Structures are given as C-alpha cells and as structure tokens.
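Student: My request is simple: use the sequences and hints to build the entire structure.
Chains A and B, in that order, are what the protein sequence lines are.
Start counting the first sequence at 1; every next residue gets the next number (this note's numbering).
Start counting the second sequence at 1; every next residue gets the next number (this note's numbering).
Hints were generated in silico from the structure; no laboratory data involved.
None of the hints are false.
Within a straight-line C-alpha distance of at most 30 Å, the following computed BS3-like cross-link-like pairs (lysine-lysine) qualify:
no. : chain 1 : residue 1 : chain 2 : residue 2
1   : B       : K71       : B       : K103
2   : A       : K68       : A       : K78
3   : B       : K42       : A       : K24
4   : B       : K103      : B       : K42
5   : A       : K78       : B       : K103
6   : A       : K24       : B       : K103
7   : B       : K103      : B       : K68
8   : B       : K56       : B       : K42
9   : A       : K68       : A       : K24
10  : B       : K56       : B       : K68
11  : A       : K24       : A       : K78
12  : A       : K68       : B       : K103
13  : B       : K56       : B       : K71
14  : B       : K103      : B       : K56
15  : B       : K42       : A       : K78
16  : B       : K42       : A       : K68
Okay, the calculated bits of chain A under chain B, using three or more residues with CB under 8 Å as the criterion:
no. : region
17  : 33-43
18  : 104-114
On the chain A side, residues computed to face chain B include the following (Cβ under 10 Å):
no. : residue
19  : Q6
20  : Y48
21  : G59
22  : V89
23  : F91
24  : A93
25  : S95
26  : Y101
These numbers were taken from a predicted model, which means no experiment stands behind them.
Using N, Cα and C, we set each Cβ at its ideal position, and we do this for glycine too.
Here is what each chain is made of, one letter per residue.
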Amino acid sequence: DAGVIQSPRHEVTEMGQEVTLRCKPISGHNSLFWYRQTMMRGLELLIYFNNNVPIDDSGMPEDRFSAKMPNASFSTLKIQPSEPRDSAVYFCASSPQAVTYGYTFGSGTRLTVV
Amino acid sequence: GESVGLHLPTLSVQEGDNSIINCAYSNSASDYFIWYKQESGKGPQFIIDIRSNMDKRQGQRVTVLLNKTVKHLSLQIAATQPGDSAVYFCAENQAGTALIFGKGTTLSVSS
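Tutor: This is the structure we're talking about:
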C-alpha cells in the first residue's frame, strides 16, 4: 500500500495566483480530511469528506478556499487567489470510517506564498 | 470552545529513560483519543489509540492512560531512544466529528 499520496511536495507561488493541492487517499478508505499546519495554530481541520460528500467545511478559512472530491480516489484543495498568510503545510489524511479510527496522513504539501 | 492541549511544549530526556507526555482535553463528550508522532518533514504517524470505555492500553514500548474524571490523557514511552525524538500530538473526537489536535510536545532524546 502506497499510503496517502499528496502532490506537489513543495509549492512556491506569488500572491494572487491560484494554487491546487492534490491528494490520493488509501484505496478502500471512505473518509478524507484536509488539515493545515502552522507554528502558531498547530494542526487545523479544514474540511472532511465521507463517501465523497463534504461533511464539515467549517474550518475552511474563507471563500478563497475550496475543496472537491470527484471520486473515491482523488481530492483537491484550491486556493484562489492565494495570500502570504496561506503559507503553511497542508496535510491530507484518510480513514476507513469517518470517525473513531486513526487517520493515515500523507507527507504534506509545503506552500509558500510570496 | 473545546480544545485539546498539552501541558508542556518541550520535554528533554536521556536515552533509556522513560518519557511521559501529558495532554488535557476539555470536551467531556469525547470518546476516542489518539497519540500521533510527527518527525521533521513528515506527516503525523499513528502511535496508539484508546476509547473512552478503557483507562489503559499498551503497545510496543508505549502505554496510553486515560483519566476521564479529570479529562487527562498521557503517553508513556519506555526506554526512550534517539529515534523517539519528534513532536507528539494528542487528538480526540466524538462520534460524527473529525479529530481535533493539540499543539504538540517536542520530545528531545539525548544519548
């Protein structure tokens, strides 16, 4: 099993540009989570999906952020337009069920907005 | 609001010592708790979990203790090794919600 796969590993972009982060969950896992990690705020839940349906997006900072899960094997997190304060490490995680199981995390995407 | 927190941001121990990392949670409705380990440049890695109907669970060199009365969670690492150096997070949730993470404790092991 290749685990949760995220791409790109690193992204440097200019303020105002669109950024798309990608995630492939573990096959058979039906829950997918996007987290953001910063020194100041730690690991914050942005959104999670169960069976490709968004369940809780209350952590999405603002309308500049959007997430999709078109099928069970792929999800994207898009930021448009990006701002310097969006700089962080973004993690995707998946789980066999929505809750009460440990999540498997990907290696993350380090985003730098200049 | 509800939060999960840790008592100490850093912990330094000698190789071979036992380590204890503590965590306090505020949501009395939480029924599932997990400890994660995060090494530099990597995603959090599952260590051990415990459900609210238990007060102790043991793994390989690790033990998690849950005290629901005072809403306290701890991770004990026996015979700490340099490879245990990392940031440790506790996380909790209740049915229908996603995991909420604390801010982490950095464990430094010197040989």
